[in-house]
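Student: Read off the chains here:
2 protein chains.
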Amino acid sequence: MNIKQYLPIFEWLPKYNNTFFKGDLVAGLTVGVMLIPQGMAYAMLAGMPPIYGLYASIIPLILYAILGTSRQLAVGPVAMVSLLIAAGVGTIAETGSENFIELAILLALMVGVIQLLMGVFKLGFLVNFLSHPVIAGFTSAAALIIGFSQLKHLLGISIPRSNHIHKIIGNAFANLDAVNFQTLTIGLVAIVLILLVKKIKLPIPGPLLAVVFGILAVWGLGWHNQGVKIVGEVPSGLPSFGFPSFDFENVKLLLPIALTISFISFMESIAVAKAIQSKHKNYQIIPNQELIALGMANIGGSFFQAFPTTGGFSRTAVNDQTGAKTGMASIISAAMIALTLLFLTPLFYYLPNAILASVIMVAVFGLIDFKEAKHLWHTDRGDFAMMIVTFLGTLTLGIEEGILIGVILSLALIIFRTTQPHVAVLGKIPEKPHYKNIDRFDHLEVRKEILIFRFDARLYFANVNYFKEKIQEEIQTKGKDLKLVILDADSMNGMDSSGVHALEEVIESCHDAQIKFCLVGVKGPIRDILHRTKIIDELGEENFFFRIQHAVDFFDKKENNRYLEYAIQTNN
Amino acid sequence: MNIKQYLPIFEWLPKYNNTFFKGDLVAGLTVGVMLIPQGMAYAMLAGMPPIYGLYASIIPLILYAILGTSRQLAVGPVAMVSLLIAAGVGTIAETGSENFIELAILLALMVGVIQLLMGVFKLGFLVNFLSHPVIAGFTSAAALIIGFSQLKHLLGISIPRSNHIHKIIGNAFANLDAVNFQTLTIGLVAIVLILLVKKIKLPIPGPLLAVVFGILAVWGLGWHNQGVKIVGEVPSGLPSFGFPSFDFENVKLLLPIALTISFISFMESIAVAKAIQSKHKNYQIIPNQELIALGMANIGGSFFQAFPTTGGFSRTAVNDQTGAKTGMASIISAAMIALTLLFLTPLFYYLPNAILASVIMVAVFGLIDFKEAKHLWHTDRGDFAMMIVTFLGTLTLGIEEGILIGVILSLALIIFRTTQPHVAVLGKIPEKPHYKNIDRFDHLEVRKEILIFRFDARLYFANVNYFKEKIQEEIQTKGKDLKLVILDADSMNGMDSSGVHALEEVIESCHDAQIKFCLVGVKGPIRDILHRTKIIDELGEENFFFRIQHAVDFFDKKENNRYLEYAIQTNN
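Each protein sequence line maps, in turn, to chains A and B.
For the first sequence, the working numbering assigns the number 572 to the last residue and increments by one with no breaks.
For the second sequence, the working numbering assigns the number 572 to the last residue and increments by one with no breaks.
Calculated from the structure, these hints are not laboratory results.
The model shown is predicted, which means the values in this text are computed figures rather than measured ones.
There is no bait here: all hints are sound.
Since the list gives no way to pick one copy over another, a pair counts as held whenever it fits inside one copy or between any two copies.
Here are the simulated lysine-lysine pairs, DSSO-like style, with alpha carbons at most 27 Å apart: (1) Lys478 <-> Lys274; (2) Lys432 <-> Lys557; (3) Lys558 <-> Lys432; (4) Lys483 <-> Lys281; (5) Lys279 <-> Lys470.
Okay, chain A solo, but in the shape it has when bound (with noise of 0.2 Å):
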């Protein structure tokens, strides 16, 4: 019982001092100074007014910097869980109405407990799951659908929101004629700034440079009487408390996204946490509590109006450049959000949409990895098809879907990968008491009345008959020279009781033909298993040998130390 394994702000808090201090006051301005236009953005993607955006970046950030074991770590509005948001909740209620709003503020209540359970019942680990090949299908899928969601934004027209890509190209160029230019020259002198900052390396957000130009092109040049969509009036003043409007049947609807967000926004936060923690070494991330502290941010969150938040990417890897050293920086961020919505909101309401539109298209395109799909075709052709088919099912029936797809894809390709695994049929290097894979080296000594076998897998119900397929049919090939059959057992790392029968079988089908059968190598847990199914005293413990050459030596009747007690050891 340790109140740090609890709370882990009393891990830092207590050795708090000026250095540190100093790290967080700048990492935590210029984390707060990001939000401000992301936040807005990202409220707007979730399709939500911008204000909320302002909302969610308030209580969770206190929050997570209590709870969470990430010093780093710069929770808030993230791209994906406002995707994902806008998806789920878009099929029940009318983007940005009342009941939209209720039900996103309801959302982040369900994924705040989803993730407290798992994170109070060690269920951390089924992110493992979610395999590379697959975060990076999705992902890139994922930022495809969101920038082109923000096209209607960026063009002044108006687009059916959908999750399927083609439908909104479709939709896009079907309203190609009720373009407003005005809208589309700002965006794109946006994304040219914010580019442009990142290129040249300017020590300010683009985001914030481009949120400052809009304001002004558009208050300057009165564009908003032109067709520009503007923010406008946004109410000053912190959120309120209260509790989220529950309803049984709307969390029954909302559940298939509560719980696509909890794992995704978890997955995506620990990544992040454990990349920056590797650079630091002066504190553990403990996946456990990190679910725990994500939790408790959207629970808290849910009675402040706050939309579903995480852990997210680009504001967390410039709140370690900046110098963050503990949560501190995050609270700092939360006071000056407080504080913009205290005193600022008066400034954004010349803001134009196509400022948060060109905000959002610049952060996610980033996120489409092709380097990564180059890679995978060229080192592991499975993986990369697991990629692709991601990709593709996200793109094609839906965020959920294709993300689901990927995972039980690549589970099944395990799965069947163990069904076949590889097989050698192993030979001596000559004057050396060593044995390797006959298909791999071309001078090895083969005696044509022994057979090494080995097999590179578990043996278990599903490859139980391949096994015994294959070692037959090398028993049969050697035909009837055959004296000795030799199993290398030393990548066989589990034996369930399917292959424990098959090994009993092979074993009496070798002695059924006057061919004698030994094992070789076999590792600790299976040596116990063979005790306690008695395979050792059937087959005899003269049969067990530590290494190849030992089972070779005795057939040949040579003396040799057989190292019996490593052959046969067991825990049991």
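Please arrange chain B on chain A, whose structure you already have, making use of the hints.
Tutor: Positioned in the frame of chain A, the structure of chain B alone reads:
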């Protein structure tokens, strides 16, 4: 291209001789005699009039004899498939009605087409995913359900049909006051008779004796006037040719049960076929050809009023024991059933249903696999749990659900096990160049500057985090004395792109901490991957070794033969 490949009958027909015929004649007649009561009983179990059991015992047998690769397999109605027919068709049509019969025959056509397609597309391997514990649990539960479903015939009461054992038992108790004691007496005597014949190994099939006894008893005592239900009028004559009545809506409704029957019946059949083949070895069982043969048997049967059939345990065993040498035995059995249908049906008028029920009950209670449960309890608790879960799932949730749960759970267990594989830290056997797990042997030598780590699984996305955590844990345990990490890759059977990333990360973090890293005993398929991903170049060929001792000697700057060519060979 070889006619024998498509029509395996030509494997034996050209060589057919007198010796074969003698065995086939005795076996064919014996199995034919068994088929009369069993066929009628299993038809009753399926919810069909008993005569349909005989219809299903002609065409399928002949077609299998022509197309099947087993020479002893006895095809026909079997208990498990009949139960599935009753369960599946019973939800759509009233048991025993005209419509029910039509649907059961349509089901045979569907099962046949599914099996034929599986065979043509070589999907026979799919049955590998049904593990032995799952089959044992499922079979035991199905046996209980089948057995209890016959209670109503044995007690002479009416119990609403159900696949949930608690409902059957509950309903039986509720109707206990309506028991017909004449019926019960006949049934119990029949059960004793069958068991006795089995016990003292009389050379006549017990069920046939029971049938004769039942007919004589009812005929002699006139009990059919005292409430004993009898088979009654049995139409004589062979089954007539006709197209199964095809209706798209019904096909859709029957599809789940058709898929289940296709799998289960193929599995039962291939298991018994392989078991018998292993005693003969003068022919081969080809699983995909078996699917084609069983599929054609069902398709052909469906045109002659047959419900779904497959190769069964008990009759196949009898067929083999009584000397069957080729498929001719099955043709003889079929001929005998045909003769029975032409001339002997009037004899079955007085046959009591209770006799058929007793035949079923004795047959299936033998399938409850207590022995396997006990064996698994002692040898493999995971597999024991699978068996029990499948057993209970089948009993309480339903037949298809039970087997589905079993399959999904056993795959999940496999995946789960590989996410937290066995790992070991190795130490040196004193005065020998060999290394073993320090947790299993006390006297091993461990050097404080060297960590030798073994990971017993393929390194893939679902266990990369576990791999990184475990190796980091051991590195931290070693502390600042550590100078060399040796990864014994001997039992790593595969590596996907996530695994490659993880390995790179571990190597990098070692290098950051000024620790040398080397790889030992990398298997061929992984060497190929490490070449492709350039890890061999990055880490340097000099850090790849053939044996652990070579790496240690290299570290100690001792001379050694490094066998480099074996450590880094690739087939790329």
